[in-house]
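Based on the provided sequences and hints, a complete structural model is requested.
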Amino acid sequence: DQQVKQNSPSLSVQEGRISILNCDYTNSMFDYFLWYKKYPAEGPTFLISISSIKDKNEDGRFTVFLNKSAKHLSLHIVPSQPGDSAVYFCAAILTGGGNKLTFGTGTQLKVEL
Amino acid sequence: NAGVMQNPRHLVRRRGQEARLRCSPMKGHSHVYWYRQLPEEGLKFMVYLQKENIIDESGMPKERFSAEFPKEGPSILRIQQVVRGDSAAYFCASSPTQRESEAFFGQGTRLTVV
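Top to bottom, those sequences are chains D and X. Quick note: the first sequence uses my numbering, first residue 209, plus one each step. Quick note: the second sequence uses my numbering, first residue 328, plus one each step.
Don't read these hints as lab results, they were simulated from the structure. Check before you lean on any hint, since a few could be wrong.
Straight-line alpha carbon distances no greater than 20 Å define the calculated SDA-like cross-link-like pairs of lysine to any residue that follow [stated by the list, open to error]: (1) D/K213 <-> X/E368; (2) D/K245 <-> X/S385; (3) X/K371 <-> D/S277; (4) D/K276 <-> D/S218; (5) D/K213 <-> X/Q434; (6) D/K279 <-> D/D263; (7) D/K245 <-> X/I381; (8) D/K245 <-> X/F431; (9) D/K262 <-> D/S277; (10) D/K245 <-> D/S277.
Computed spacing ranges between beta-carbons, pair by pair [what the hints assert, rightly or not]: (11) D/P290 <-> X/K389: 39 to 47 Å; (12) D/F254 <-> X/I382: 38 to 46 Å; (13) X/Q408 <-> D/F254: 30 to 38 Å.
Here the structure is a predicted model, which means the values were calculated and not measured. Heads up, the beta-carbon is just placed ideally off N, CA and C, and yes, glycines get one too.
Here it is in structure tokens:
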């Protein structure tokens, strides 16, 4: 039962353009969401997060949007840079229920010159 | 402040052998989480430990897998009698509180069972 889904296994974007990575979840009890970036042979690195009481959180080139009614969140990267090429994982957490992260399957982003 | 250290980075075991994966949390972190990433999949929660205690092992297979986090030393994930299906990347994360949203991940151990 995949409670967090990233339906696009890969995404290719030109340098300087916007990258939009999508994530859907099924458990309406999730109340905190995170995005992680992962390079090959490395562990995931925290990128940005959002609480369910918000619908947007911005940090530099990265913005996360949350649509609770649609159970959907997205990560926008603008402008995209070659160094952004990595696998991006969406994760959700039920802060009052065990605190364990539930990850999506990841989206491989490739930013081309 | 060193990050979360996992060793070995790569581990090759024959079927039936034991695998021991080590995780040294960041200094000051007393909460440790283990995750497994199978090929083409996301990370799946296995177990959450706090010093000397297993808090949540709901993601651990019932047999052959065990984890500990002793008072002194690293956390150990132990897999007995490994099978090919255990081949995966195993990631450890640590946090200073029970808020896993504050956790930092190690670089992982890639286990290959031949």
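Which hints from the list above does the structure break, by number from lowest to highest? 2, 3, 4, 5, 7, 10, 12
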